[in-house]
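From first to last, the protein sequence lines are chains A and B.
Its first residue numbered 268, the first sequence is counted upward by one per residue in this note's numbering.
Its first residue numbered 671, the second sequence is counted upward by one per residue in this note's numbering.
Worth flagging that the hints you see were computed from the coordinates, not collected in a lab.
The model shown is predicted, which means the values in this text are computed figures rather than measured ones.
Even for Gly, the Cβ is constructed at its ideal location relative to N, Cα and C.
Hints are not guaranteed to be accurate.
[Said to hold, decoys possible] The calculated DSBU-like cross-link candidates involving lysine-lysine, where the alpha carbons are at most 35 Å apart (straight line), are:
(1) K796(B) with K389(A)
(2) K306(A) with K893(B)
(3) K897(B) with K796(B)
(4) K389(A) with K893(B)
(5) K306(A) with K897(B)
[Claimed, not checked] For each label pair, taking beta carbons as the anchor points, the in silico distance ranges come out as:
(6) Q353(A) with C882(B): 35 to 41 Å
(7) P713(B) with A468(A): 25 to 31 Å
(8) L902(B) with D349(A): 36 to 42 Å
(9) A894(B) with A386(A): 22 to 28 Å
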Amino acid sequence: MLFEGYGRQLWNGTLETIQLALLSLLLAFVIGLVGAAAKLSQNRWLSFPAAIYTTLIRGVPDLVLMLLLFYSFQDWLNRLTDALNQQQIDIDPFVAGVCVLGFIYGAYFTETFRGGVLAVPKGQLEAAAAFGLTNWQVFHRVLFPQMMRFALPGISNNWQVILKATALVSIIGLHEVVRAAQDAITGTSSKGAYHAFFFLAVAGLIYLILTTFSNLAFMALERHYSIGIRRSEL
Amino acid sequence: MTELIQQYWQQYLFGTLGHPTGLVVTLWLTAASVGLGFVLAVPLSVARASTNRWLSVPVSFYTYIIRGTPLYVQLLLLYSGVYTLDSVRATPFLNAFFRDAFNCTILAFTLNTGAYTTEIFAGAIKATPHGEIEAARAYGMSNFTLYRCIVLPSALRRALPAYSNEVILMLHATTLAATATVPDLLKVARNASSEYYLPFVAYGIAAALYLCISSTLIWFFRKAERKWLAYLR
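Produce the entire structure from the sequences given, and follow the hints as far as they go.
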């Protein structure tokens with residue numbers, strides 16, 4: 268047998284990794300849009316907290332934040348349930364993983380989107396407003412499509428980082444692909460030690476396939492958002 | 671909380687002379703891997719930017735593999751995977767090297783940051799204005815002199831903003847050393863957290879210290895940019 272009977276687990280782990288990465292991306296994307304809007308806002312009560320959020324989150328390692336948030340919330344939840352004489356609630360590692368990754372990478376997306384918005388020529392937004400477009404129409408027809416073109420390299424970068432950061436979630440107990448490989452190593456340790464190398468290489472290969480495919484997808488997206496733009500030729 | 675701080679402050683910062691822990695180990699890991707990564711990246715980036723395919727393709731294969739897989743997997747592979755290979759155990763030098771968690775960690779970090787740095791430097795080298803190279807050739811410079819005097823000084827300067835990001839990401843990545851039993855800042859925080867069961871305080875102290883190092887690095891790089899990129903302002 269190629270995977271010593273652990274093929275199924277590795278496959279499930281891969282699916283878990285993909286789901287985790289996509290949901291975290293979605294959450295980070297939304298937080299990023301809201302954060303960029305807040306950070307660009309004239310209102311200090313919005314821009315200041317957003318600036319604190321991006322500075323703090325981007326200054327602290329993701330693994331530290333992950334452990335900090337995961338264990339602290341579990342701790343607070345335990346104290347709360349103790350105080351109310353309720354049964355202990357265990358936070359689901361998958362939900363925790365999505366929330367924490369989304370929250371952390373939302374800060375990176377905030378900066379990416381802020382840069383994208385600033386790169387859109389102001390005159391176009393003024394022209395759109397002068398034509399009587401509502402705020403939503405200006406956002407959705409003028410600002411967003413162009414901002415996406417400028418932000419796309421950053422988004423692609425952030426996505427690759429999120430995808431690779433999912434490997435860290437195995438540390439807080441999620442059964443994604445790295446954990447599946449580690450389980451396979453423990454399960455086959457009696458049959459010969461070289462399996463450790465093999466299964467970890469397989470996990471690496473799975474990540475390599477995922478990043479390669481997402482690169483291709485982002486190249487297609489870049490073509491889509493660059494329609495009508497002439498590349499300067501050297 | 672005060673008990674935790676009293677008990678652990680020394681471990682958070684520097685540990686003992688014979689057994690350093692915490693901040694000192696984190697700084698040492700960062701400095702060693704960034705320094706070795708730099709030494710690795712300069713020749714590799716020249717090869718990566720070369721028009722000779724026999725030089726550029728192997729290097730881009732290396733950066734592709736490293737940048738396409740998580741550092742955590744690379745670390746696990748080097749730390750717990752390689753040592754299980756019989757051929758490694760049979761060679762005395764490799765056996766001694768891979769048995770030490772610290773060596774494996776530094777090796778994994780260096781290979782990782784080396785790949786990212788190679789791409790950053792290669793991008794900057796490729797963006798060297800064509801006229802500069804033509805002028806240098808017209809002066810009769812050899813290839814080595816061309817790179818030493820013209821291409822590398824200007825490319826490394828222009829790479830500075832992207833490079834500073836990579837250094838900070840590397841600082842953040844050193845937290846993975848804790849999973850390989852290296853007693854860095856995060857490992858101390860984990861120990862403190864499990865002893866006192868105060869995760870917020872224990873990890874919060876580590877987070878604050880990491881924030882301080884990040885800010886110092888950002889400040890330092892801003893100064894460096896002001897000095898070395900003055901002509902671009």
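Quick rundown of the hints versus the structure:
1. K796(B) with K389(A): Satisfied, since the Cα-Cα distance of roughly 32 Å is no more than 35 Å.
2. K306(A) with K893(B): Within the cut-off at roughly 26 Å; holds.
3. K897(B) with K796(B): Given pair K897(B), K796(B) holds - Cα atoms ~23 Å apart, limit 35 Å.
4. K389(A) with K893(B): holds (32 Å)
5. K306(A) with K897(B): Between K306(A) and K897(B) the Cα gap is close to 30 Å, so the pair holds against 35 Å.
6. Q353(A) with C882(B): 35 to 41 Å: holds (39 Å)
7. P713(B) with A468(A): 25 to 31 Å: Between P713(B) and A468(A), where Cβ atoms are some 27 Å apart, the hint holds.
8. L902(B) with D349(A): 36 to 42 Å: At roughly 59 Å between Cβ atoms, D349(A) and L902(B) fall outside 36 to 42 Å, so the hint is violated.
9. A894(B) with A386(A): 22 to 28 Å: holds (26 Å)
Hint 8 from the earlier list is the only one contradicted by this structure; the remaining hints agree with it.
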